[in-house]
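Number of protein chains: 2
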Amino acid sequence: MENNRFCVIMCGGVGSRFWPYSRKAMPKQFIDFLGTGRSLLQLTVDRLEGIVPLQNIIILTNEQYASIVRDQLPEIKPEQILLEPVLRNTAPCNAWAAWHIKALNPKAKIMVAPSDHLIIKLNDFKDSVIRAFEFLENNDAIVTLGVKPNRPETGYGYIQEGKNVDEYFSMVKTFTEKPTKEVANLFLESGEFFWNSGMFFWGVDTIINAMRTYAPEIAEIFDHANLFYGSPQEQEFIDENYASCPNISIDYAIMEKSQNVYVQKVDFGWSDLGTWGSVFDNAPKNRDGNVTPNTRVLAFESNNNVIAAQNDKLVVVSGLNGYIVADTPDALLIVPKNDEQKIKNYVNEAKTHFGDKYL
Amino acid sequence: MENNRFCVIMCGGVGSRFWPYSRKAMPKQFIDFLGTGRSLLQLTVDRLEGIVPLQNIIILTNEQYASIVRDQLPEIKPEQILLEPVLRNTAPCNAWAAWHIKALNPKAKIMVAPSDHLIIKLNDFKDSVIRAFEFLENNDAIVTLGVKPNRPETGYGYIQEGKNVDEYFSMVKTFTEKPTKEVANLFLESGEFFWNSGMFFWGVDTIINAMRTYAPEIAEIFDHANLFYGSPQEQEFIDENYASCPNISIDYAIMEKSQNVYVQKVDFGWSDLGTWGSVFDNAPKNRDGNVTPNTRVLAFESNNNVIAAQNDKLVVVSGLNGYIVADTPDALLIVPKNDEQKIKNYVNEAKTHFGDKYL
Chain A
215 MENNRFCVIM
225 CGGVGSRFWP
235 YSRKAMPKQF
245 IDFLGTGRSL
255 LQLTVDRLEG
265 IVPLQNIIIL
275 TNEQYASIVR
285 DQLPEIKPEQ
295 ILLEPVLRNT
305 APCNAWAAWH
315 IKALNPKAKI
325 MVAPSDHLII
335 KLNDFKDSVI
345 RAFEFLENND
355 AIVTLGVKPN
365 RPETGYGYIQ
375 EGKNVDEYFS
385 MVKTFTEKPT
395 KEVANLFLES
405 GEFFWNSGMF
415 FWGVDTIINA
425 MRTYAPEIAE
435 IFDHANLFYG
445 SPQEQEFIDE
455 NYASCPNISI
465 DYAIMEKSQN
475 VYVQKVDFGW
485 SDLGTWGSVF
495 DNAPKNRDGN
505 VTPNTRVLAF
515 ESNNNVIAAQ
525 NDKLVVVSGL
535 NGYIVADTPD
545 ALLIVPKNDE
555 QKIKNYVNEA
565 KTHFGDKYL
Chain B
215 MENNRFCVIM
225 CGGVGSRFWP
235 YSRKAMPKQF
245 IDFLGTGRSL
255 LQLTVDRLEG
265 IVPLQNIIIL
275 TNEQYASIVR
285 DQLPEIKPEQ
295 ILLEPVLRNT
305 APCNAWAAWH
315 IKALNPKAKI
325 MVAPSDHLII
335 KLNDFKDSVI
345 RAFEFLENND
355 AIVTLGVKPN
365 RPETGYGYIQ
375 EGKNVDEYFS
385 MVKTFTEKPT
395 KEVANLFLES
405 GEFFWNSGMF
415 FWGVDTIINA
425 MRTYAPEIAE
435 IFDHANLFYG
445 SPQEQEFIDE
455 NYASCPNISI
465 DYAIMEKSQN
475 VYVQKVDFGW
485 SDLGTWGSVF
495 DNAPKNRDGN
505 VTPNTRVLAF
515 ESNNNVIAAQ
525 NDKLVVVSGL
535 NGYIVADTPD
545 ALLIVPKNDE
555 QKIKNYVNEA
565 KTHFGDKYL
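Residue numbers (this note's numbering), protein chains in the order written: chain A, 215 to 573; chain B, 215 to 573.
Hint data in this document are derived by calculation from the structure and do not stem from the laboratory.
Do not rely on the hints blindly, as some may be mistaken.
When chains are identical, the list treats them as one kind, so a pair holds in a single copy or across two.
Derived DMTMM-like pairs: lysine to aspartate or glutamate, alpha-carbon spacing no greater than 20 Å straight-line [stated by the list, open to error]: (1) Lys-362 <-> Glu-515; (2) Lys-499 <-> Glu-289; (3) Lys-571 <-> Asp-526; (4) Lys-556 <-> Glu-515; (5) Lys-362 <-> Asp-453; (6) Lys-291 <-> Glu-348; (7) Lys-387 <-> Asp-453; (8) Lys-499 <-> Glu-381; (9) Lys-238 <-> Asp-526; (10) Lys-551 <-> Glu-515; (11) Lys-377 <-> Glu-450; (12) Lys-335 <-> Glu-470; (13) Lys-558 <-> Glu-450; (14) Lys-556 <-> Asp-260; (15) Lys-392 <-> Asp-453; (16) Lys-551 <-> Glu-454; (17) Lys-565 <-> Glu-515; (18) Lys-316 <-> Asp-419; (19) Lys-479 <-> Asp-465; (20) Lys-340 <-> Asp-526.
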């Protein structure tokens, strides 16, 4: 294994699409949706085995999740967990990680990975990651992973490939936001567009230079702390200064502006597992077509449901088809799979009526 | 209030039609189905206010429910709670109650009431009870309450009236078991048949004599203990001998055989509340037609459901119509109201798979 390889796992996200399973206090990345016995975060770390040394994994999360991260990843040392005092999107957290890692190893090559995605084909994933790291050896590049689309998905961003480098790599022509159905269909037909997996690779100097060029107001803050990285003053400095970073995504701050951005076209069974429906699509189904991760279910004349409950709870369903049933100790959701985009509204409604109690 | 008036509340029943709310350890009579803040048992006691002195109320229950009864009825003294060591149906428990009460007051007139029924029109109920007690003053009689039927219900037993005594009372011609739909229709059309409410009235000597005549094997046991009633030996005697009583209902042992059985025709909004559907029929409905006893529900495009959860749990339902949703900490049931008769089968299935864990 290359000791210069690092991986930054972004683990500070919140979201309500998996309510009531995901909560402000326990977001999606910490939950074992598929019933594998490992949370999405744990699976993300597991996938790096043999590619990135354990001591080179950096977890970026919000300080309110520190104890969850420590509990779920006992193999990660406390000093590998960087705690953001406030939410500031992905540009500031990647800047912090880069400056922090540079102090550890100025030759570092960094992979950035979300903590809440699903990857099915582990070997293909590992090949792709190694290929990206190797590409960085010979190129002052930012590498993205673009997933070959199999449907006109409107829930993902897309990367359009430009000039080919070789069989796997191309220059990036454009990044696009989530498209309409019509546009997504055009993207799929064209063959030029790939799902933006949110995974990036860069050399530590490449990203720091890019920050200095395209996001100087961020770079300035982290350049200020050069004496502190790796010392007890680092967290103190962050606690005092992190909030003054602009709230901006790495895509917008860097990726869309840099000239040396490449896409590696990959196909490793990726899903951002953004909704209960995608859990249904990706998880193993029972004989009756229900998905029941880690849950004791007796289903009678009931098919194509996602049924999730906790702690050995028994769920008996009868005559229920195509629903999401998600049960937690203090909240139960029953909603047709087709209406899952409304879950956010329901959560807002719950907030209106009951404040933060169920969030 | 008449100090000779007693009420025996039968409170030992078990049943699975209200699973997962009702459990072996917490049967239906102890649950607040209607969200009134009082369990069915508590409502049964409340209804006697002003008719039967509190100290003349006798609760008959299984010893496993002793602490629930004490918790729910702190106004009832421990010596008013008779604890059956084993289940032996309604003839033995009514025999015990009769012999026990005779030792307290040989002139007692006894009302027997189930603990798990619903009565809506409280004043009409009280009038009927007083009328029955008064009837016993002048008649060596067993009085049943027959509820005027409003539909061809197949879930109830029926009482056929015979010769009229007066506006309210008739002799009983027959008791019948739960009829088929066709028979229930005939019953309704005839005007001669009334729902058997399971409430009975008798003088203490009347019932003891009837026992000696029609159920001598039971009478013999309780006659044996005449020196013990009211003493510490009473429970000891019961613990040793109760199991040798035949497992037989009061209807079969006494009512169907006695010659002096009367029916008072009543109409006080009675339901035996035997199913979730009857809870739906009897409980107040929200604007959207859902019944949500004691439960925080946000319902979107969802109507005509019974939704019950506990402890401030929030239930969010969407696109659900005509279902029973019954949630407890360790079990959740979702079943169409029309299939509620299958709940027993589901509970048996749960037993097959998981033993007693969820019963």
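Each hint tested on the structure:
For a Cα distance limit of 20 Å, the shortest separation of Lys-362 from Glu-515 qualifies neither inside one copy, at 37 Å, nor across copies, at 38 Å. In this assembly of identical chains, the alpha carbons of Lys-499 and Glu-289 never lie at most 20 Å apart, being 32 Å within a copy and 54 Å across copies at closest. In this assembly of identical chains, the alpha carbons of Lys-571 and Asp-526 lie at most 20 Å apart only when taken from different copies (10 Å versus 24 Å within one copy). When the C-alpha separation of Lys-556 and Glu-515 is checked against a cutoff of 20 Å, the pair qualifies only between copies, where the shortest distance is 12 Å, while the shortest distance within a copy is 26 Å.
Taking the closest pair of Cα atoms, Lys-362 and Asp-453 never come within 20 Å of each other, the shortest separation being 40 Å inside a single copy and 75 Å across copies. In this homomeric assembly, Lys-291 and Glu-348 never come within 20 Å of each other (Cα to Cα): the closest approach is 27 Å inside a single copy and 82 Å across copies. Taking the closest pair of Cα atoms, Lys-387 and Asp-453 never come within 20 Å of each other, the shortest separation being 38 Å inside a single copy and 87 Å across copies. For a Cα distance limit of 20 Å, the shortest separation of Lys-499 from Glu-381 qualifies neither inside one copy, at 35 Å, nor across copies, at 65 Å.
Proximity of Lys-238 and Asp-526 under a CA criterion of 20 Å is satisfied inter-copy only: 19 Å between copies versus 23 Å inside one chain copy. For the homomeric pair Lys-551 and Glu-515, the shortest alpha-carbon distances inside one copy (17 Å) and between copies (14 Å) are both at most 20 Å. In this homomeric assembly, Lys-377 and Glu-450 never come within 20 Å of each other (Cα to Cα): the closest approach is 45 Å inside a single copy and 94 Å across copies. Within a single copy, Lys-335 and Glu-470 get their C-alpha atoms no closer than 29 Å, and across copies no closer than 73 Å, so neither meets the 20 Å cut-off.
Taking the closest pair of Cα atoms, Lys-558 and Glu-450 never come within 20 Å of each other, the shortest separation being 36 Å inside a single copy and 62 Å across copies. For the homomeric pair Lys-556 and Asp-260, neither the shortest alpha-carbon distance inside one copy (33 Å) nor that between copies (45 Å) is at most 20 Å. In this assembly of identical chains, the alpha carbons of Lys-392 and Asp-453 never lie at most 20 Å apart, being 34 Å within a copy and 74 Å across copies at closest. With identical chains, the CA atoms of Lys-551 and Glu-454 are never at most 20 Å apart, being 44 Å at best within one copy and 59 Å at best between copies.
In this homomeric assembly, Lys-565 and Glu-515 come within 20 Å of each other (Cα to Cα) only across copies, at 19 Å, whereas the closest approach inside a single copy is 34 Å. Taking CA atoms no more than 20 Å apart as the test, Lys-316 paired with Asp-419 passes inside one copy only; the shortest distance there is 8 Å, against 97 Å between copies. In this assembly of identical chains, the alpha carbons of Lys-479 and Asp-465 lie at most 20 Å apart only when taken from the same copy (18 Å versus 80 Å across copies). Taking identical chains as interchangeable, the C-alpha atoms of Lys-340 and Asp-526 are never at most 20 Å apart, the minima being 35 Å within one chain and 47 Å between chains.
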